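A.B. asks: Can you build the whole structure from these sequences, using the hints too?
Number of protein chains: 2
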Amino acid sequence: MTVPDSVFESLCDLIAAGSLLTGQRLPPERKLALMLGVSRASVREALRTLDSLGLIETRSGSGSYLIGNAASFSKYFVRRQTARSFELRDMLEARICLECEVVSLAARRITDEGKEALKALIDHMEKLEDSETFLNADFAFHELIARISTNFFLLEMLKSVRELMLEFNMEVIKRPGQRLVALEFHRGIYHALAEGDPDKSRLAMLRHLESIREDETAR
Amino acid sequence: MTVPDSVFESLCDLIAAGSLLTGQRLPPERKLALMLGVSRASVREALRTLDSLGLIETRSGSGSYLIGNAASFSKYFVRRQTARSFELRDMLEARICLECEVVSLAARRITDEGKEALKALIDHMEKLEDSETFLNADFAFHELIARISTNFFLLEMLKSVRELMLEFNMEVIKRPGQRLVALEFHRGIYHALAEGDPDKSRLAMLRHLESIREDETAR
DNA sequence: GACAATCAATTGGTCAGACCAAAATACCGC
DNA sequence: GCGGTATTTTGGTCTGACCAATTGATTGTC
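Chains as they are written, first to last, in this note's numbering: chain S, 102 to 320; chain L, 102 to 320.
Quick caveat, the hints were computed from the structure, so don't treat them as lab data.
Among the hints, erroneous ones may be present.
It does not matter which identical chain is used: a pair holds within one copy or between any two.
[Claimed, not checked] In silico DMTMM-like links for lysine to aspartate or glutamate, alpha-carbon gap of 25 Å or less: (1) K216 <-> E158; (2) K216 <-> E194; (3) K220 <-> E158; (4) K260 <-> D114; (5) K301 <-> E311; (6) K132 <-> E214; (7) K260 <-> E188; (8) K260 <-> E110; (9) K216 <-> D191; (10) K228 <-> E158; (11) K260 <-> E317; (12) K301 <-> D213; (13) K260 <-> E217; (14) K260 <-> D191; (15) K260 <-> E244; (16) K301 <-> E194; (17) K260 <-> E285; (18) K275 <-> E188; (19) K275 <-> D224; (20) K260 <-> E194.
Model, not experiment: these values are computed from the prediction.
C.D. replies: The following block contains the structure:
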């Protein structure tokens with residue numbers, strides 16, 4: 102634990118204790134340094150962290166002000182030691198949101214070639230035994246849908262999310278029976294897409310991802 | 102834009118350009134400071150940001166190492182996109198999808214403080230005359246909703262999209278009467294949120310953004 | 001020549017103090 | 001009181017220093 106880290110913790114405690122309320126100004130950097138017995142540089146690094154987490158806003162010549170509501174803060178407070186990246190819950194929510202939109206767009210824009218490619222990919226996946234290979238194919242399946250949607254911006258976003266969730270997805274896919282369940286969901290999505298039905302496709306995708314989420318929250 | 106911020110951007114460029122790969126060590130702090138013509142303190146603050154975003158891991162006596170996939174990070178995300186400019190249609194679709202989800206989550210998770218903050222922001226916006234100032238406040242309004250949703254991942258994604266669409270948004274807001282229309286929509290969104298109604302909120306947001314999209318396609 | 005112990009160079013961690021610019025506050029003349 | 005200026009406060013940035021952990025080279029031994 103470095104000095105700026107402990108300063109960060111101290112500030113979190115201050116806020117958590119309710120000594121500091123939303124919108125209120127934090128003590129000046131020099132005073133904080135004095136209070137905590139550290140250098141101003143260390144205080145500044147700690148404030149940087151608070152800033153990049155979106156917890157404070159710093160105005161030159163004026164001070165640093167606490168922003169965001171108490172609820173959002175406690176989230177950070179809880180996770181501050183563990184993950185420095187994003188919450189799994191948040192990434193799951195984002196992925197569900199994006200995938201559902203993408204599949205719905207894909208249903209509207211799918212072509213015969215798209216259908217063929219999807220079918221071929223599903224058939225291919227059924228033969229895969231290894232978890233890692235399967236996961237790659239699963240990536241490919243979702244990416245193909247995004248390509249069919251012709252929205253390359255959403256495609257890039259989805260890729261980002263999935264890459265971030267790589268570890269989690271790997272964990273999920275390794276659970277017994279998970280591959281069969283995934284295959285079943287994929288077939289459902291494929292059929293809805295082949296019919297060109299946006300709502301049905303969206304629903305099929307939603308069920309697919311919700312099942313993963315529920316798996317998670319149940320653990 | 103502060104010095105550490107620009108250092109941060111420069112590092113992002115380095116990463117985006119592919120000069121730095123996952124697991125690789127960044128140049129030492131002293132060298133970076135020399136390279137960029139800034140003090141080591143500023144470099145350290147920038148590295149702090151990278152660290153708190155989970156992009157690097159720093160080992161004392163050894164160096165800072167790039168970890169995970171840098172795509173997580175919104176600025177980097179923006180860079181990657183700008184390189185191969187995206188279709189406006191795609192970004193609009195993405196934004197609508199994300200904003201609707203965010204506002205729906207926000208309706209579920211809103212607190213009294215959130216309601217007050219939203220109200221205050223709306224009241225404030227009514228007084229604004231200048232287009233640029235108004236657009237900033239508009240950003241703040243949507244960002245506040247994202248904060249209320251407590252999903253910081255979606256928040257980052259939305260920020261990326263909006264940043265990319267900055268020019269377009271500026272153009273839209275300058276059209277005659279547009280500010281009044283926007284205010285009206287914002288009020289509708291606010292009321293739905295205050296009621297804590299996810300579906301109503303989603304619909305209100307959808308109408309808001311669809312009106313922008315239709316404006317666009319009609320031109 | 002291979003290997004282990006030792007020493008030097010590199011690198012992050014931290015601090016003190018200085019100066020600037022923006023903002024807030026105090027002060028003063030009216 | 002009021003408005004404008006001067007002072008103080010506060011964040012922004014830099015320099016240079018020293019410590020501690022790590023790494024890499026050097027050396028000595030078998």
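A.B. asks: With identical chains treated as interchangeable, where does the CA-CA distance between K301 and E311 reach 25 Å or less: within a copy, between copies, both, or neither?
C.D. replies: both (15 Å within a copy, 22 Å between copies)
A.B. asks: Reference check for the pair K260 and E110, CA-CA at most 25 Å: within, between, both, or neither?
C.D. replies: Answer is both; intra-copy 16 Å and inter-copy 22 Å each pass.
A.B. asks: How do K260 and E194 come out at 25 Å by Cα distance, when the copy is not named: within, between, both, or neither?
C.D. replies: Classified as both: same-chain Cα gap 15 Å, cross-chain 17 Å, threshold 25 Å.
A.B. asks: Within a copy, between copies, both or neither: where do K301 and E194 come within 25 Å Cα-Cα?
C.D. replies: both (20 Å within a copy, 19 Å between copies)
A.B. asks: Between the shortest in-copy and the shortest cross-copy C-alpha distance, which are at most 25 Å for K260 and D191: within, between, both, or neither?
C.D. replies: Classified as both: same-chain Cα gap 16 Å, cross-chain 15 Å, threshold 25 Å.
A.B. asks: Checking K220 and E158: alpha-carbon separation at most 25 Å within a copy, between copies, both or neither?
C.D. replies: Between copies, since 20 Å is at most 25 Å while 41 Å is not.
A.B. asks: If the cut is 25 Å between Cα atoms, do K260 and E188 qualify within a copy, between copies, both or neither?
C.D. replies: both (17 Å within a copy, 17 Å between copies)
A.B. asks: Could you figure out if K228 and E158 sit no more than 25 Å apart (CA to CA) within one copy, between two copies, both or neither?
C.D. replies: Between copies only: 23 Å across, 46 Å inside.
A.B. asks: Can you give me the call for K260 and D114, within, between, both or neither, at a CA distance of at most 25 Å?
C.D. replies: both (18 Å within a copy, 20 Å between copies)
A.B. asks: Is it within, between, both or neither when you check K260 against E317 at 25 Å Cα-Cα?
C.D. replies: within (21 Å within a copy, 28 Å between copies)
A.B. asks: Indicate which option fits the pair K216, E158 if close means a Cα-Cα distance not exceeding 25 Å: within, between, both or neither.
C.D. replies: between (38 Å within a copy, 20 Å between copies)
A.B. asks: Evaluate K275 and E188 at a C-alpha cut-off of 25 Å and name the case that applies: within, between, both or neither.
C.D. replies: This pair counts as within: shortest intra-copy Cα distance 21 Å, inter-copy 37 Å.
Checked against the numbered hints above, the structure breaks only hint 6 and satisfies the rest.
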